[in-house]
Amino acid sequence: MKNELIRKAISEIENPTFGTTEQLLEVLNVEKENGKLKVERVDFESLDETNVVYFRVRNEPFFLSVYFYKENNEIANVGTENGNQVYFTATSENLTFKQLSELTKLSGLKGWSVNDDRKIGKGKYSFSRLSFEPIESRAYDLDTKLKLLLTELEKNFDGIIKLTEMADTGIAIHHQQYISGNMAINFDIETINRLSKLNLGIEIDQYVYGNEFKI
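First residue of the sequence shown? That's 1 in full-length UniProt numbering, and the numbers climb one at a time after it.
Treat the hints as calculated values from the structure; they're not laboratory data.
Remember, it's a predicted structure, so these values are computed and weren't measured experimentally.
Please note that a few of the clues may not be correct.
[Claimed, not checked] Each computed DSSO-like pair below joins lysine-lysine, with the alpha-carbon atoms no more than 27 Å apart:
| id | residue 1 | residue 2 |
| --- | --- | --- |
| 1 | 122 | 155 |
| 2 | 98 | 155 |
| 3 | 105 | 162 |
| 4 | 110 | 98 |
| 5 | 110 | 70 |
| 6 | 197 | 110 |
| 7 | 98 | 197 |
| 8 | 98 | 119 |
| 9 | 70 | 8 |
| 10 | 8 | 36 |
| 11 | 38 | 2 |
| 12 | 110 | 162 |
| 13 | 162 | 98 |
| 14 | 110 | 122 |
| 15 | 147 | 70 |
With the sequences and hints as input, model every part of the structure.
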């Protein structure tokens, strides 16, 4: 089914049948790789009535998306999906990256230690930082990506609580949307309760990109 959806989605981009497809293609350029439209992800996991094919947009952090009805694999709509980066972070002016890491059993951690040379620019870091981002692709619904991150953190509940007690911790969200896209961000009670149990807050940075539809 995945290949069928990709084929139909590519056909819609190359030969539009929806008015919104034509409008979007007037102001956005879909990336190509080896002469073919670049598919970032196919989403079968959404809880609504559609599957989604995500296409990369040239020089933009959001995605052009083709939606298909799950019941018959016919195209339901064409639009954009926000790019979402969601990760756990812990910082400390005293503990090193190694010491922060050893408080958890998380794998794939990234960061630096206080007094390490800066990766960008000159000078040294004045604090240590640890970050954990289990899904690096940004082609995910924000709610889905946040809940997947929380599930991974809950597997190491004791370690996360230790980090919250010994370092500055939280969830960082970078929300990158098309200028004519949906600006709303909502968290359900379940998500808020899960954050509370982990003793974590959220910091959200919102960015708007692209050119509006031509009228």
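So, going through the hints one by one against the coordinates:
1. Under the criterion of a C-alpha separation no larger than 27 Å, the hint pairing residue 122 with residue 155 is inconsistent with the structure, at around 38 Å.
2. Taking the CA atoms of residue 98 and residue 155, the gap is near 20 Å; set against the 27 Å cutoff, the hint holds.
3. Between residue 105 and residue 162, the direct Cα distance comes to roughly 12 Å. Compliance with the 27 Å bound is thereby established for this hinted pair.
4. The hinted pair formed by residue 110 and residue 98 meets the criterion: a straight-line CA distance of about 10 Å does not exceed 27 Å.
5. At roughly 38 Å between alpha-carbon atoms, residue 110 and residue 70 are farther apart than 27 Å, so this suggested pair is violated.
6. Of the supplied pair hints, the one linking residue 197 and residue 110 holds, its CA atoms being roughly 24 Å apart against a limit of 27 Å.
7. Among the hinted pairs, residue 98 with residue 197 is consistent with the structure: their alpha-carbon atoms are about 25 Å apart, no more than 27 Å.
8. A hinted pair counts as satisfied when its Cα atoms are at most 27 Å apart, and residue 98 with residue 119 qualifies at roughly 17 Å.
9. For the suggested pair residue 70 and residue 8, the alpha carbons sit about 14 Å apart, so the restraint of at most 27 Å is met.
10. Our distance criterion of 27 Å between C-alpha atoms is met by residue 8 and residue 36, whose separation comes to about 14 Å.
11. About 14 Å separates the Cα atoms of residue 38 and residue 2, which keeps this hinted pair within 27 Å; it holds.
12. A distance of roughly 18 Å separates the Cα atoms of residue 110 and residue 162; the hinted pair therefore holds under the 27 Å criterion.
13. Restraint check for residue 162 and residue 98: satisfied, since their Cα atoms lie roughly 14 Å apart, inside the 27 Å limit.
14. Restraint check for residue 110 and residue 122: satisfied, since their Cα atoms lie roughly 20 Å apart, inside the 27 Å limit.
15. Between residue 147 and residue 70, the direct Cα distance comes to roughly 23 Å. Compliance with the 27 Å bound is thereby established for this hinted pair.
The structure is inconsistent with the numbered hints 1, 5, although it conforms to all the rest.
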